[in-house]
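Peer 1: Protein chains in written order, with the numbering used here: chain Z, 646 to 800; chain Y, -12 to 92.
Bear in mind the hints are in silico, worked out from the structure with no lab data behind them. Ideal placement from N, C-alpha and C gives every residue a C-beta, glycine not left out. Check each hint, because a few of them may be wrong.
Derived pair list, reagent style DSS-like, types lysine-lysine, alpha-carbon separation capped at 27 Å [stated by the list, open to error]: (1) Z:K735 x Y:K73; (2) Y:K65 x Y:K47; (3) Z:K772 x Y:K65; (4) Y:K58 x Z:K735; (5) Y:K47 x Z:K652; (6) Y:K58 x Y:K87; (7) Y:K87 x Z:K791.
Examples of chain Z residues toward chain Y, derived with CB under 8 Å [unchecked claim]: (8) I656; (9) L662; (10) P667; (11) N673; (12) G674; (13) E681; (14) I741; (15) P742; (16) S743; (17) D753; (18) G755; (19) G757.
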Amino acid sequence: MEGTIEKVSIIISKGSLDGVYPGLIMANGARAEGIEANLFFTFFGLDAIHKQRHEHIKMATVGNPGLHVATLLGGLPGMSSVMTHYMNHKMAELDIPSIPEFIEMIADTGAGLYACKASVDLFGLEKNDFIPQVQDIITVGEFYAKAAGGQIIFT
Amino acid sequence: MTTSTIASHDVELNDEGFFVHPEDWTEEMAPEIARREGIEELTPAHWQVVRFMRSEYLDKGTGPTVRVLAKTSGVSVKELYELFPKGPAKVAAKIAGIPKPRGCI
């Protein structure tokens, strides 16, 4: 077949529910197609692999016009939790796994999980703060070396 | 669409190599399709997955995705990828003579 994709490196840079899921779905989908995949977590995307935080990823209800909720309402206390709860419920109905379960599954497919060194340093984190599936904390240069010969997707 | 000879039978395959008519498939064709997919020998573990894919398709009209396959067949995601490195649901569906499973997760 012409023009096949053999390898993808997906960067997850956001720490909101809608910022994390697309990259996970693309990585899992790549592996299902037999495409080699690496996930690289940077900035607030690190929350998705953070032991204490990855179970508490929330929907952004402020500055998110796609949600069709007035900005003032979106900022009310508890709004983000309510919307996250609703979204998680809808996803569970469709049998979409939670973020921790999804990441564990993606690691099991053989995809590589990496944390960005600059962000890890910035937030004062260390390897032990992350779930065990994270293989390494790597520099941007090392990321490009791993991504060589494939496509890079930034989310 | 192309016609291909598998185990001395002519069958129609789509552009991705999946059976156009799943009813044309027989078990004796599976080892040859597997070899084309880079799997030299179908072990009992491979067969378990291939037969499961086929029966799910016959029951439900579609083969399961990797996640559903792991949850319902009892074979773990890790094991599935060891058996079918090029994509468990996709490759097992091809070997089982059924259409490519559709589904994003």
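Peer 1: When the nearest CB of chain Y is found for Z:I656, is that gap smaller than 8 Å?
Peer 2: violated, 20 Å
Peer 1: Can you verify the interface hint for Z:P742: is its Cβ closer than 8 Å to any Cβ in chain Y?
Peer 2: Since chain Y brings a Cβ to about 7 Å from Z:P742, closer than 8 Å, the hint holds.
Peer 1: Tell me if the straight-line CA distance from Y:K58 to Y:K87 falls inside 27 Å.
Peer 2: holds, 18 Å
Peer 1: Once the shortest beta carbon distance from Z:E681 to chain Y is found, is it less than 8 Å?
Peer 2: The hint is violated - Z:E681 has no Cβ within 8 Å of chain Y, the shortest such distance being about 10 Å.
Peer 1: Hint validation: Z:I741 versus chain Y, beta carbon distance must be below 8 Å. Holds or violated?
Peer 2: Since the shortest Cβ distance to chain Y is 6 Å, the answer is holds.
Peer 1: Need the status of pair Y:K65, Y:K47: alpha-carbon distance at most 27 Å?
Peer 2: With Cα atoms ~25 Å apart, Y:K65 and Y:K47 stay inside 27 Å; holds.
Peer 1: Any CB of chain Y closer than 8 Å to the CB of Z:N673?
Peer 2: holds, 6 Å
Peer 1: Between Z:K772 and Y:K65, does the CA-CA distance stay at or below 27 Å?
Peer 2: At roughly 24 Å apart (the allowed maximum being 27 Å), Y:K65 and Z:K772 satisfy the hint.
Peer 1: Does Z:K735 pair with Y:K73 here, judged by a C-alpha cut-off of 27 Å?
Peer 2: violated, 31 Å
Peer 1: Please check whether Z:D753 passes as an interface residue: C-beta within 8 Å of a C-beta belonging to chain Y.
Peer 2: Result: holds, 4 Å to nearest chain Y Cβ.
Peer 1: When the nearest CB of chain Y is found for Z:S743, is that gap smaller than 8 Å?
Peer 2: Not OK, violated: Z:S743 not within 8 Å of chain Y, min 12 Å.
Peer 1: Next pair to validate is Y:K87 with Z:K791; report whether the Cα-Cα distance is within 27 Å.
Peer 2: Outside the cut-off at roughly 30 Å; violated.
When held up to the earlier numbered hints, the structure conflicts with 1, 5, 7, 8, 9, 10, 13, 16, 19 and fits the remainder.
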